[in-house]
Amino acid sequence: AQRVTQPEKLLSVFKGAPVELKCNYSYSGSPELFWYVQYSRQRLQLLLRHISRESIKGFTADLNKGETSFHLKKPFAQEEDSAMYYCALSGGGTQGGSEKLVFGKGTKLTVNP
Amino acid sequence: ETGVTQSPTHLIKTRGQQVTLRCSSQSGHNTVSWYQQALGQGPQFIFQYYREEENGRGNFPPRFSGLQFPNYSSELNVNALELDDSALYLCASSSMFSGNTIYFGEGSWLTVV
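Residue numbers (our numbering), protein chains in the order written: chain F, 2 to 114; chain S, -15 to 97.
Just chain S, with the same shape it has in the complex (with noise of 0.2 Å):
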């Protein structure tokens, strides 16, 4: 049973670009969701996704967001990047057949200069 992978796991992005990240679920994960970590603070959900709908969102702006595709992996899409959103930006996966634990992977972290 694979976990949960992400990536890249560094990026550096300017001002104003875009950037997307990508997360490929737990085996047989049907949901995904994502988290926005800043330094010093615990994870803010973003959004989640279920059999490639957005079922769920956070307190962040539209231009923020996803995709999830039908193997279940997921992207997140930040447009017009800002240097408030240099984070550590986590996946993570679960079903109801795992009992609907949740399942984190390693992070990609982000830095907009």
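One chain only, chain F, in its complex shape (with noise of 0.2 Å):
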């Protein structure tokens, strides 16, 4: 079965501390692993995705196949970063279409000032 397991509901932190927003899957196959993130009174939007492996806003995720896990890491964190975040899994491309998400329960971040 296809799962994601975000364990904190919520997480608070201080500015300019790292933050790390835990994810677990679980996929019998190759996942393709997401990090989709939600500000105050906006749309779910893509944060990034393991294949790019890029840093987007000073956030890395590795993708540890051993641990079966996809954390998301930041350093520093901002206030701006306050915000709700979805870890999502694909569950493989459906003919023709795109990826079908799983997504986590989210976890809600909060930097204080």
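It should be emphasised that the hints constitute simulated quantities derived from the structure, not laboratory data.
Since we're looking at a predicted model, the values are computed, not measured.
The reader is advised that the hints may include incorrect statements.
[Stated by the list, open to error] Under 7 Å between C-beta atoms, here's a sample of chain F residues computed to sit facing chain S:
1. 87
2. 101
3. 105
4. 107
5. 109
[Said to hold, decoys possible] Label-pair restraints from in silico Cβ distances:
6. 95/S x 66/F: 39 to 45 Å
7. 43/F x 43/S: 24 to 30 Å
8. 1/S x 16/F: 18 to 24 Å
9. 16/F x 64/S: 46 to 52 Å
10. 80/S x 51/F: 17 to 23 Å
Cβ coordinates follow ideal geometry from the N, Cα and C atoms, glycine included.
Two chains, two frames, a set of hints: combine them into the complex.
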């Protein structure tokens, strides 16, 4: 079964502190992993995907197949990082279409001044 | 380039009624997916449409149905509404020409009373 687990519902850090949002997954195959972010009163948007190996807004995430994890990290959190973060897994491309996503329940990150 | 737009933004229905939600995909996107997001949960995949055909379905009963039109806009229909159908319904569009990145709309909030 495909499953994404985000163990922390809420995470609170101070500005300038490192932050790590945890994500573990269950998938039989080669997964594609994503982090989506939803800022207050905005739509869900892609933050990063593991195949891109990019750093977006200072965030990085490394896929660890041994631990089946895809934790999101940022060395110095900013107040504007406060948002809801969702880890998602691609359920495999459907024929002709694009990925079906399986989401975790999300972690609400609050960065305090 | 216009983003994904959904209507209505909010609606209230009575148990047993039927509802239609609408989505206009981002310009040039031929794939539309629908997700249900209950309060405190991550989005759950309902189904996807590609070139006007259903192209993958999640674990939702047949009373959830959809359509995609030649201009790639889409409808989600839910019959015999139940209280548990109360949720945010998200439409997402994508295209292989945009690297299959999935773009979400702001959603339609459905309350069933």
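We went through each hint and held it up to the structure:
no. : hint                    : verdict
1   : 87                      : holds, 5 Å
2   : 101                     : holds, 5 Å
3   : 105                     : holds, 5 Å
4   : 107                     : holds, 5 Å
5   : 109                     : violated, 10 Å
6   : 95/S x 66/F: 39 to 45 Å : holds, 42 Å
7   : 43/F x 43/S: 24 to 30 Å : holds, 28 Å
8   : 1/S x 16/F: 18 to 24 Å  : violated, 48 Å
9   : 16/F x 64/S: 46 to 52 Å : holds, 49 Å
10  : 80/S x 51/F: 17 to 23 Å : holds, 19 Å
Violated hints, listed in ascending order, are 5 and 8; each of the other numbered hints is respected by the structure.
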